[in-house]
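Visitor: Go ahead and model the full structure; you've got the sequences and the hints to work with.
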Amino acid sequence: MSLFAIADLHLSLGTNKPMDDFPGWRDYVSRLEQNWRALVAPEDTVVIAGDISWGMTLEQARTDFAFLESLPGKKLLLKGNHDYWWSTRRKMDQFIDEAGFTSLTIVHNTAEAVGEFAVCGTRGWFYDAEADEDKKVLAREAGRLNASIDAAERTGLEPVVFLHYPPVWGDQVCEEFMTILTERRIRRCYYGHIHGTGIRRAVQGTVRGVELRLISGDSLSFTPLLVR
Numbered sequence: 001m002s003l004f005a006i007a008d009l010h011l012s013l014g015t016n017k018p019m020d021d022f023p024g025w026r027d028y029v030s031r032l033e034q035n036w037r038a039l040v041a042p043e044d045t046v047v048i049a050g051d052i053s054w055g056m057t058l059e060q061a062r063t064d065f066a067f068l069e070s071l072p073g074k075k076l077l078l079k080g081n082h083d084y085w086w087s088t089r090r091k092m093d094q095f096i097d098e099a100g101f102t103s104l105t106i107v108h109n110t111a112e113a114v115g116e117f118a119v120c121g122t123r124g125w126f127y128d129a130e131a132d133e134d135k136k137v138l139a140r141e142a143g144r145l146n147a148s149i150d151a152a153e154r155t156g157l158e159p160v161v162f163l164h165y166p167p168v169w170g171d172q173v174c175e176e177f178m179t180i181l182t183e184r185r186i187r188r189c190y191y192g193h194i195h196g197t198g199i200r201r202a203v204q205g206t207v208r209g210v211e212l213r214l215i216s217g218d219s220l221s222f223t224p225l226l227v228r
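In the numbering used here, the protein residues as written are 1 to 228.
The reader is advised that the hints may include incorrect statements.
[To be verified] Distance windows between CB atoms, simulated:
no., residue 1, residue 2, range
1, R185, S70, 34 to 44 Å
2, N109, M56, 20 to 30 Å
3, G115, A147, 20 to 30 Å
Just so you know, the hints here were simulated from the structure itself, not pulled from any lab data.
Yeah, the Cβ is synthetic: ideal placement off N, Cα and C, and Gly gets one too.
Guide: This is the structure we're talking about:
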């Protein structure tokens, strides 16, 4: 049983917003499927850290969810900044259950045990939040991260954090999130959101004792990354 991770799939199989015209994204859905099937076995788990579907509602995201359901392995879904379909936990769980998507699980203020790890995390927010509304969102996301880590620690397994927004990018640091990661003694944190030329500024390595790794789809050539 292996744990994989990827973010920023930006699927639009049920809507008309394909990403193929962007550099590095041509035929990305077929590339993703081919790479996924070559690596992931039915007993494996793949964390998808946000920006999963361009669907504006759960119903519009149905075709994208069905595509993920068709792929091998269990999928753990976290929110990204473009996941406008994201709703209350009850509504999302009900939709997934009624659609018969047995391999999809939402991670939201919760954690999921995968082997020796407990997968936890949240969307995150901007490192340079200055407006009052942004500060409120940042505080809320920090609370969600702590709640998710709490749930992970209750499993007795090692928490591994997945964020959508990077806690560090270039020389910019989101102190609220890095403080949580260091004070909670998180050893590994995976994040997405960064694309194209921005990938060159992505911090990948150990910062304050936390190993950081970018997992956006185009940064991985649409190949799920083996975590363990």
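Visitor: Decide, hint by hint, whether the structure agrees.
Guide: The hints, checked one at a time:
1. R185 x S70: 34 to 44 Å: Holds - the Cβ-Cβ distance for R185 and S70, about 38 Å, lies within 34 to 44 Å.
2. N109 x M56: 20 to 30 Å: For M56 against N109, whose Cβ atoms are near 23 Å apart, the range 20 to 30 Å holds.
3. G115 x A147: 20 to 30 Å: Because 22 Å falls inside the window, the suggested range holds.
Violated hints: none; the structure is consistent with every hint.
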